[in-house]
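Residue strings, one per chain:
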Amino acid sequence: MSKSPQAYWSATLRLISIVLVIWFIVSYVAGIILAPALNSIHLGGYPLGFWFAHQGSMYAFVAMIFYYAFAMDKIDHEFDVHEE
Amino acid sequence: MSVQAWIYLMVGLSFALYIGIAIWSRAGTTAEYYVAGGQVNPVMNGMATAADWMSAASFISMAGIISTMGYGGALFLMGWTGGYVLLAMLLAPYLRKFGKFTVPQFIGDRFYSKSAAVVAVICLLVASVTYIIGQMTGVGVAFSRFLNVSNEVGIYVGMGIVFLYAVFGGMKGITYTQVAQYVVLIIAYTIPAIFISMMLTGNPIPQLGLGSKLSGSDVYLLERLDQIVTDLGFGKYTTSVPGSYLNMFMYTLSLMIGTAGLPHVIMRFFTVPKVRDARMSAGWALVFIAILYTTAPAVAAMARYNLLATVYPAALENKPLVTPEQGIRYEERPEWFKRWEQTGLLKFQDLNGDGRIQHFNDKNAAAQEKFAQAGWKGNELNVNADIIVMANPEIAMLPGWVIGLVAAGALAAALSTAAGLLLAISSAISHDLVKGVFKPDIDEKGELLAGRIAMIAAILVAGYLGLNPPGFAAGTVALAFGIAASSLFPAIMMGIFSKKMNKEGAIAGMLAGLFVTLFYVFAHKGIFFIKGTEYLGLIGGENSFFGITPEAFGSVGAIVNFIVAFIVDKFTKEPPEHIQALVENVRTPRGSTAITGAH
Numbered sequence: 001m002s003k004s005p006q007a008y009w010s011a012t013l014r015l016i017s018i019v020l021v022i023w024f025i026v027s028y029v030a031g032i033i034l035a036p037a038l039n040s041i042h043l044g045g046y047p048l049g050f051w052f053a054h055q056g057s058m059y060a061f062v063a064m065i066f067y068y069a070f071a072m073d074k075i076d077h078e079f080d081v082h083e084e
Numbered sequence: 085m086s087v088q089a090w091i092y093l094m095v096g097l098s099f100a101l102y103i104g105i106a107i108w109s110r111a112g113t114t115a116e117y118y119v120a121g122g123q124v125n126p127v128m129n130g131m132a133t134a135a136d137w138m139s140a141a142s143f144i145s146m147a148g149i150i151s152t153m154g155y156g157g158a159l160f161l162m163g164w165t166g167g168y169v170l171l172a173m174l175l176a177p178y179l180r181k182f183g184k185f186t187v188p189q190f191i192g193d194r195f196y197s198k199s200a201a202v203v204a205v206i207c208l209l210v211a212s213v214t215y216i217i218g219q220m221t222g223v224g225v226a227f228s229r230f231l232n233v234s235n236e237v238g239i240y241v242g243m244g245i246v247f248l249y250a251v252f253g254g255m256k257g258i259t260y261t262q263v264a265q266y267v268v269l270i271i272a273y274t275i276p277a278i279f280i281s282m283m284l285t286g287n288p289i290p291q292l293g294l295g296s297k298l299s300g301s302d303v304y305l306l307e308r309l310d311q312i313v314t315d316l317g318f319g320k321y322t323t324s325v326p327g328s329y330l331n332m333f334m335y336t337l338s339l340m341i342g343t344a345g346l347p348h349v350i351m352r353f354f355t356v357p358k359v360r361d362a363r364m365s366a367g368w369a370l371v372f373i374a375i376l377y378t379t380a381p382a383v384a385a386m387a388r389y390n391l392l393a394t395v396y397p398a399a400l401e402n403k404p405l406v407t408p409e410q411g412i413r414y415e416e417r418p419e420w421f422k423r424w425e426q427t428g429l430l431k432f433q434d435l436n437g438d439g440r441i442q443h444f445n446d447k448n449a450a451a452q453e454k455f456a457q458a459g460w461k462g463n464e465l466n467v468n469a470d471i472i473v474m475a476n477p478e479i480a481m482l483p484g485w486v487i488g489l490v491a492a493g494a495l496a497a498a499l500s501t502a503a504g505l506l507l508a509i510s511s512a513i514s515h516d517l518v519k520g521v522f523k524p525d526i527d528e529k530g531e532l533l534a535g536r537i538a539m540i541a542a543i544l545v546a547g548y549l550g551l552n553p554p555g556f557a558a559g560t561v562a563l564a565f566g567i568a569a570s571s572l573f574p575a576i577m578m579g580i581f582s583k584k585m586n587k588e589g590a591i592a593g594m595l596a597g598l599f600v601t602l603f604y605v606f607a608h609k610g611i612f613f614i615k616g617t618e619y620l621g622l623i624g625g626e627n628s629f630f631g632i633t634p635e636a637f638g639s640v641g642a643i644v645n646f647i648v649a650f651i652v653d654k655f656t657k658e659p660p661e662h663i664q665a666l667v668e669n670v671r672t673p674r675g676s677t678a679i680t681g682a683h
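As given, the protein sequences belong to chains S and C, one line each in that order. The numbering of the first sequence is the working numbering, which starts it at 1 and goes up by one. The numbering of the second sequence is the working numbering, which starts it at 85 and goes up by one.
Simulated from the structure, these hints should not be mistaken for lab results. Check the hints yourself; a few may be wrong.
Label-pair restraints from in silico Cβ distances [unchecked claim]:
no., chain 1, residue 1, chain 2, residue 2, range
1, S, 78, C, 611, 52 to 58 Å
2, S, 13, C, 522, 37 to 43 Å
3, C, 103, S, 4, 51 to 57 Å
4, S, 4, C, 626, 31 to 37 Å
Ideal Cβ placement from N, Cα and C applies to all residues, glycine included.
Pulled out of the complex, with its shape left as it was, chain S reads as follows:
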């Protein structure tokens, strides 16, 4: 694998795109666009679409920032651009 700055940057962009897709799905798709449809499924007393909007999306946001931070760390080391 090439260790050029271009390769580092495209690896970074790839990671960001993946996280942004998940970000969009949990909030805008599950929490808003498909919420009415998902509401027919229940999670305990929560209709699922309502749960994504009022709870689930926020848990997912937290998880995805930490995933991003750890994955970025790995990429930094892989391309040898991490901080000493």
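For this one, chain S is given, so just place chain C on it according to the hints.
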């Protein structure tokens, strides 16, 4: 001990703590003043960011608004948290690597233009000043409702406290005070929620309680709530949407982009030692924010249920609500009801003269006949949204010290946000205008002094605006987010992710985004919010752009910003070689240095 004594004790203790921190954390250098020396632990910074971010509105008003809006209230929940994902991935680490004190300095250096920096300073000032008005009024509200002193006294005391730690301690003082304020506010918010969840559902974790069955029954809380509110003619709690789904989508997006673009939040990521820490710190900030933000929907639904069950005892037994015998008798109303009536936040008017309280949606055309048959002649109870959080401990019959804690928590939320905004304002003036534009040769001591003078001036202006809130105060939060979303966020993001973006493109984009957003907001709310200058006719009526409300328009402004910037960029010349190299450098973490103020 009386409730009032508990309130004085809790507020007094929390203030003593903030003053103690102020004395301990005096700033001696500009680096300490602007970025707390750049040595803040990422977890601590996350906590400070959370306190900085969660304002009087988050603490006092948000749960109440969600309580009224139901499902649609999620736009605040998702909008004010999802922005941190954008911040963590698109801005924070790169701005930390850039390694300077302020947001306008990044925009000015990256786009090699003092004009760009000045445009950014203006956007920052308008966004932060409008935002701070709400905080100062929040301080006044918390004081007057909990401590029985006037709004004015409340604001003066608040100004005095912020003065102590912000003027002397700068970012250093503010950071460590915010950590303490976070602890106060989160305890104050979660304790009543835990008790209420326990009482209603037997589950002490509010996030789980909201999805649980009501104690002693096999009906889910949300199911029962849906049934009660629809019986009373309101929209179903778990599905009601404000306006259209498109509007909810755009509103959420505007709040997310606006959150990521607000300078007082971005600035907090300059205080951590490394690029790596900036990424982690954004995660920690969101953990601390999410503790409150995932509790809020539980508080909202449970308080709505409690309130309705107080007004309609039949709701507890699942009997018909819309009958002549329903609505509790006015003289049988509980103590907390009487207390909050005195503040004017609960208002009762017996429209049908039956001595009972009826609270329902009298505008629901389909249910008119049902209401008329029961002899109900209109909604008799007005509930201010703020009451949901503030009266919560009393509704749940919690001891006096919890009520005192909630008062201290509300003040912590308002003061911590006000301090962060004040620092953003004063650093834009002393660092970006005084040092950056007017007097570049100013020495460290001089700049520190300028920073402190700017801070004092900002406190006085904020206090004045808090004491004399302009009539438009309620509409200004939309403006702050609209400006941050339509001007600052796109400019910073393009500065990092597009190496070829030049100054002409960036400036044109910022101005275009700002202009369309202001144009649409002013069409609805009046030019600079002056009543009578609305020009809805010109844009073809209210919410004429695909039914999007002015509050939700920041995302459209951001899109306009991006498009204009890329078109102008195509027709003007590339940025110089050294700027492209700067962008290369900002993109990789290695070689990050301590933050400096050098221009």
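Here is how each hint holds up against the structure:
1. For the pair residue 78(S) and residue 611(C), the beta carbons lie near 54 Å from each other, so the given range of 52 to 58 Å is met.
2. The supplied range of 37 to 43 Å is met by residue 13(S) and residue 522(C), whose beta-carbon atoms lie about 39 Å from each other.
3. Between residue 103(C) and residue 4(S) the beta carbons are some 54 Å apart, a value that agrees with the proposed interval 51 to 57 Å.
4. For residue 4(S) and residue 626(C), the Cβ-Cβ distance of about 54 Å falls outside the hinted range of 31 to 37 Å, so the restraint is violated.
Violation of the numbered hints given earlier is confined to hint 4; every other hint is satisfied by the structure.
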